[in-house]
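Based on these hints, arrange chains B and C on the given structure of chain A.
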Amino acid sequence: MFAFIARRLGLLIPTFFGVTLLTFALIRMIPGDPVEVMMGERRVDPEMHAQAMERLGLNKPLYAQYFDYIGKLAQGDLGESLRTRTSVWDEFTTLFPATLELSLAALLFAGTLGLIAGVIAALKRGSLFDHGVMGISLAGYSMPIFWWGLLLIMFFSVWLGWTPVSGRIDLLYDIPPVTGFMLIDTLLSDEEGAFVDALRHLILPAIVLGTIPLAVIARMTRSAMLEVLREDYVRTARAKGLSPARVVFVHGLRNALIPVLTVFGLQVGALLAGAVLTETIFSWPGIGKWLIESIGARDYPVVQNGILLIACLVILVNFVVDILYGLANPRIRHQR
Amino acid sequence: MTTQATLDPSLFYPSPLKEFWQAFAHNKGAVAGLAFMILLVICALFAPWIAPHDPSEQYREFLLTPPAWLEGGQLQFLLGTDEVGRDLLSRLIHGARLSLLIGLASVLMSLIPGILLGLVAGFFPRLLGPSIMRLMDIMLALPSLLLAVAIVAILGPGLINTIFAIAIVSLPSYVRLTRAAVMGELNRDYVTAARLAGASLPRLMFITVLPNCMAPLIVQATLSFSSAILDAAALGFLGLGVQPPTPEWGTMLASARDYIERAWWVVSLPGLTILLSVLAINLMGDGLRDALDPKLKNAQ
Amino acid sequence: MSLLDIKNLSVRFGDATAIPVVDGLDLCVEKGEVLAIVGESGSGKSVTMMALTGLIDAPGIVTADSLQFDGTDMLRLKGRQRRHIVGKDLSMVFQDPMTALNPSFTVGFQIEEVLRQHLNLKGQAARQRALQLLDRVEIPAAASSLNAYPHQLSGGMSQRVAIAMAIAAEPKLLIADEPTTALDVTIQAQIMDLLVGLQREQNMGLVLITHDLAVVAETAQRVCVMYAGQAVEIGNVPQLFSAPSHPYTEALLKAIPEHSQGQRRLTTLPGIVPGRYDRPMGCLLSPRCPYAQAHCREQRPTLDAHERGAARCFYPLNLTAEVA
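If you read the sequences in order, they're chains A, B and C.
Position 162 (the first sequence) corresponds to 162 in the numbering used here; numbering is contiguous.
Position 94 (the second sequence) corresponds to 94 in the numbering used here; numbering is contiguous.
Position 89 (the third sequence) corresponds to 89 in the numbering used here; numbering is contiguous.
Just chain A, with the same shape it has in the complex (with noise of 0.2 angstroms):
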């Protein structure tokens, strides 16, 4: 297990320079001068523009330009937002609890929905359930969540009144970051009422952000599971006489399990991609909202390490979905 787990780092680092190299050259490339983009006018006086060059390095050849930028985020130094003058890794980190906790929710919604409705639509293969669940899908994989989520708001927000329409919290209550968990501080706080206001702030943006994944999951379970049940240790478990449940969810969903959680890993990019668009229409704190701001706001240093925290981010969740997946598929573990 343990050489299982080193042989996975190693291909990690490569990787993790290659994305240091990209988010290097996004910035390169700019059209025009970067020192007039960032400052956002034309015409900078020379001797200022000269000044920004030697500030920001940019009078280096290149090759120094990416050690120094590789020695700046070796000492954690990601730089400072444009806008804000913080610096980038405690922005970053104040917000990605919000992401986080909305993606959980969101992969909460997702999985137990979606494993639910394709094991029962793969135990009555043809039954209208099924179609009904493939019919779902295959609506919910196409969806455009933007839009998904504004018609949401305009029906249970605008219509029905019975949840709020963006944020995390009412602004009545004034609750303090211990976690960064808006659904464990509201329960830390001694507010009345703070934690179902949270939950229920955060119950369409986890829908909007959970269909694509729920409709992945519930697909890929119904034709994993449909692949397990023809197999010969299904029958075997049969032929011990252990119960219908037994067989189904013991010995079939384990090795089910198996592809749904690739999936699962793969989607975890797609999440922080949905999480851009859904943060955006519920103006949800979080780093997708922050990143299409500083977007907006030319602020590039942000935007440059921004996509490394999440690209990082990404490649670190699917370094432990691999892990996970020796865990639950003995084959693979004992590979050499």
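Don't take every hint at face value.
Now the stretches of chain C that chain A is said to cover, found in silico as 3 or more residues with beta-carbon under 8 angstroms [stated by the list, open to error]:
1) 89-103
2) 214-228
A few chain C residues that don't get close to chain A, going by computed Cβ distances all over 12 angstroms [claimed, not checked]:
3) 49
4) 57
5) 73
6) 136
7) 189
8) 238
9) 268
10) 300
11) 306
Pair ranges (Cβ atoms, derived) [stated by the list, open to error]:
12) A/327 <-> B/211: 53 to 59 angstroms
13) A/61 <-> B/218: 41 to 47 angstroms
14) B/134 <-> A/200: 28 to 34 angstroms
15) B/49 <-> A/227: 47 to 53 angstroms
16) A/327 <-> C/200: 42 to 48 angstroms
17) C/57 <-> B/218: 45 to 51 angstroms
18) B/134 <-> A/227: 30 to 36 angstroms
19) A/49 <-> B/218: 47 to 53 angstroms
20) C/170 <-> B/134: 41 to 47 angstroms
21) B/116 <-> A/49: 38 to 44 angstroms
22) B/211 <-> C/295: 25 to 31 angstroms
23) B/68 <-> A/227: 55 to 61 angstroms
24) C/13 <-> B/134: 49 to 55 angstroms
None of these hints come from the bench; they were simulated from the model.
From the three backbone atoms N, C-alpha and C, an ideal C-beta is built for every residue, glycine too.
This is chains B and C only, laid out in the frame that chain A set:
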């Protein structure tokens, strides 16, 4: 000699095209998807003649008119008007042009280099192949929409940049797919035979191997066509894609956001159009996969 | 009373008008007896036993006058009651050991599961018993094998594990469905020896589904020969081998290499087993039978008892007294 004339035609091998169509038509969803796509293509091709109004003509006295069947609706504005009095139906029809253009252009722009890179990666497994694949892995490390957002953030918003960003984003999947298919084919005897017969490398690549790798590529092209439409609309919605007043579906949604409480149609209809188009293409993709790749079908 | 008594068992896939895969089968197995069922692939051997254990799913339909096992009619049992018997008193070993074990669980887990289900053994007690079982099926280093995953075992080892699982609750009847077909020739004999040894030790009934007649000759007391879903001959072992009374049995015996010394080629039966849509009107073997008469092509024979057993033929071979 008369025996030939009496042979039952159903005993002949069907032509590949006919066989393909039979398999495709077996999938009802795929046929429905195809029908919707044909409708969309017609709208796109003949938009100026089909659309009842000019998409940017502002009828100031008809701001936010509801669709014709609702109270206060106007028959001349079948699906109603938007916040500056432009005819929604006309804008949707013209939007089809843009979406299909973005989809087609970005698929072509990523398919061709993707196939080339994939072929090279497959044929040179020593050094060139792995380096290309590493590069693709890095590109895959970023979620596609985020990478597109990053590219547009740098290049600036607009139609051409949107196409460019989406093309770059979908490149890795073509490269991976082509390489995997090529690696699978290279060990086959027919390739060895062609080699022994003295086929040159380009001939080996494009005439011997490539045609046998096309089935998964065609399916992938369909699927990335639909995700191109989706991503383009998402970029438009974020204000990073095609800029208003161009009638792009995602851009239309972005400006409709403010009227969510007053005019459901300006919010619902562009999104519904996106959903239906993407759904239609995905349905077609399923049908294509069934028809082109019998192996995959039987595995279901 | 017999341990197993099957009367008029039919299995169809599809609606009631579909051609049966198993067609009116009668079969009985006594306590401690070894019965072999032989026949070509697709003759309904495995389906018969799957029907007995309730493993046939929709669209399969199982009908029978009775499926008596150890005094209970398996056909009348519902889910939970049936599961009390299946895996405990009536257990099965399948053909391909490499796919019959669940790849995600250790050998120990899969054996202990049976012990927990049927004997209510848990924890250390179950572990001890599992260890004994692995010893019993002659797996070396039983303790470490308990923690092994199926993919780490060879085919022969996997089959031993499958057998250990099957005998875990000391069944009264063990059904072995081609237990050696998927194994290397050298391993086959070992597995057969193991099965027969266990059968004698525990005095359990053993139904051996196979198409290896050499194995049948060595191990079984009685044989049921199946063809296209029907039993065509049932008889005791030495007699059936020396003097088969059904032409199909005779053809099977002639196809064994040992029986054809001197001949240059093995004798084979021309043609194939009739499929779902090309069943002949008369005797199902008639298109392939070298002895077929006009009568055989028009009417179906029934399984009739004769001096040494029973055969489904109008003109049984090797009988001293001519049957009318």
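Going through the hints against the structure:
Counting residues of the region 89-103 of chain C whose beta carbon lies closer than 8 angstroms to any beta carbon of chain A gives 9, which reaches the threshold of three, so the coverage claim holds. Coverage of the region 214-228 of chain C by chain A is violated. Counting CB-CB distances below 8 angstroms, 0 residues qualify, and the rule asks for three or more. With a least CB separation of 10 angstroms from chain A, residue 49 of chain C falls inside the 12 angstroms interface cut-off, contrary to its annotation. At the 12 angstroms boundary, the C-beta of residue 57 of chain C falls inside the reach of chain A, the nearest C-beta of that chain being 10 angstroms off.
Every beta carbon of chain A lies more than 12 angstroms from that of residue 73 of chain C, the smallest distance being close to 17 angstroms; the non-interface claim holds. The claim that residue 136 of chain C is not at the interface with chain A holds, since no C-beta of that chain comes within 12 angstroms of its own (minimum 18 angstroms). With a least CB separation of 24 angstroms from chain A, residue 189 of chain C remains clear of the 12 angstroms interface cut-off, as annotated. With 12 angstroms as the threshold on Cβ separation, the claim that residue 238 of chain C sits away from chain A holds: the shortest Cβ distance comes to roughly 32 angstroms.
With a cut of 12 angstroms on Cβ distances, residue 268 of chain C stays outside the contact zone with chain A, its closest approach being about 30 angstroms. Chain A leaves residue 300 of chain C outside its interface by the beta-carbon criterion, the shortest separation being 33 angstroms against a cut-off of 12 angstroms. No beta-carbon of chain A comes within 12 angstroms of the beta-carbon of residue 306 of chain C; the shortest separation is about 36 angstroms. For residue 327 of chain A paired with residue 211 of chain B, a C-beta distance near 42 angstroms fails the hint of 53 to 59 angstroms.
Checked against the hint of 41 to 47 angstroms, the pair residue 61 of chain A and residue 218 of chain B passes, with Cβ atoms roughly 46 angstroms apart. For the pair residue 134 of chain B and residue 200 of chain A, the beta carbons lie near 46 angstroms from each other, so the given range of 28 to 34 angstroms is not met. Taking 47 to 53 angstroms as the suggested C-beta distance range, the pair residue 49 of chain B and residue 227 of chain A conforms, at roughly 50 angstroms. Against the hinted window of 42 to 48 angstroms, the Cβ-Cβ separation of residue 327 of chain A and residue 200 of chain C comes to about 43 angstroms, which satisfies the hint.
Range check, residue 57 of chain C to residue 218 of chain B: about 37 angstroms between beta-carbon atoms, so the 45 to 51 angstroms window is missed. Between residue 134 of chain B and residue 227 of chain A the beta carbon distance is about 32 angstroms. The supplied range of 30 to 36 angstroms therefore holds. For the pair residue 49 of chain A and residue 218 of chain B, the beta carbons lie near 52 angstroms from each other, so the given range of 47 to 53 angstroms is met. Our hint of 41 to 47 angstroms for residue 170 of chain C and residue 134 of chain B is violated, since their Cβ atoms are close to 59 angstroms apart.
For the hinted restraint 38 to 44 angstroms between residue 116 of chain B and residue 49 of chain A, the CB-CB distance of approximately 41 angstroms keeps it satisfied. Look at residue 211 of chain B against residue 295 of chain C: about 59 angstroms separates their beta carbons, and that is not inside 25 to 31 angstroms. Separated by about 50 angstroms at the C-beta atoms, residue 68 of chain B and residue 227 of chain A break the suggested range of 55 to 61 angstroms. Range check, residue 13 of chain C to residue 134 of chain B: about 52 angstroms between beta-carbon atoms, so the 49 to 55 angstroms window is met.
Hint check: violations occur at hints 2, 3, 4, 12, 14, 17, 20, 22 and 23; the rest are consistent with the structure.
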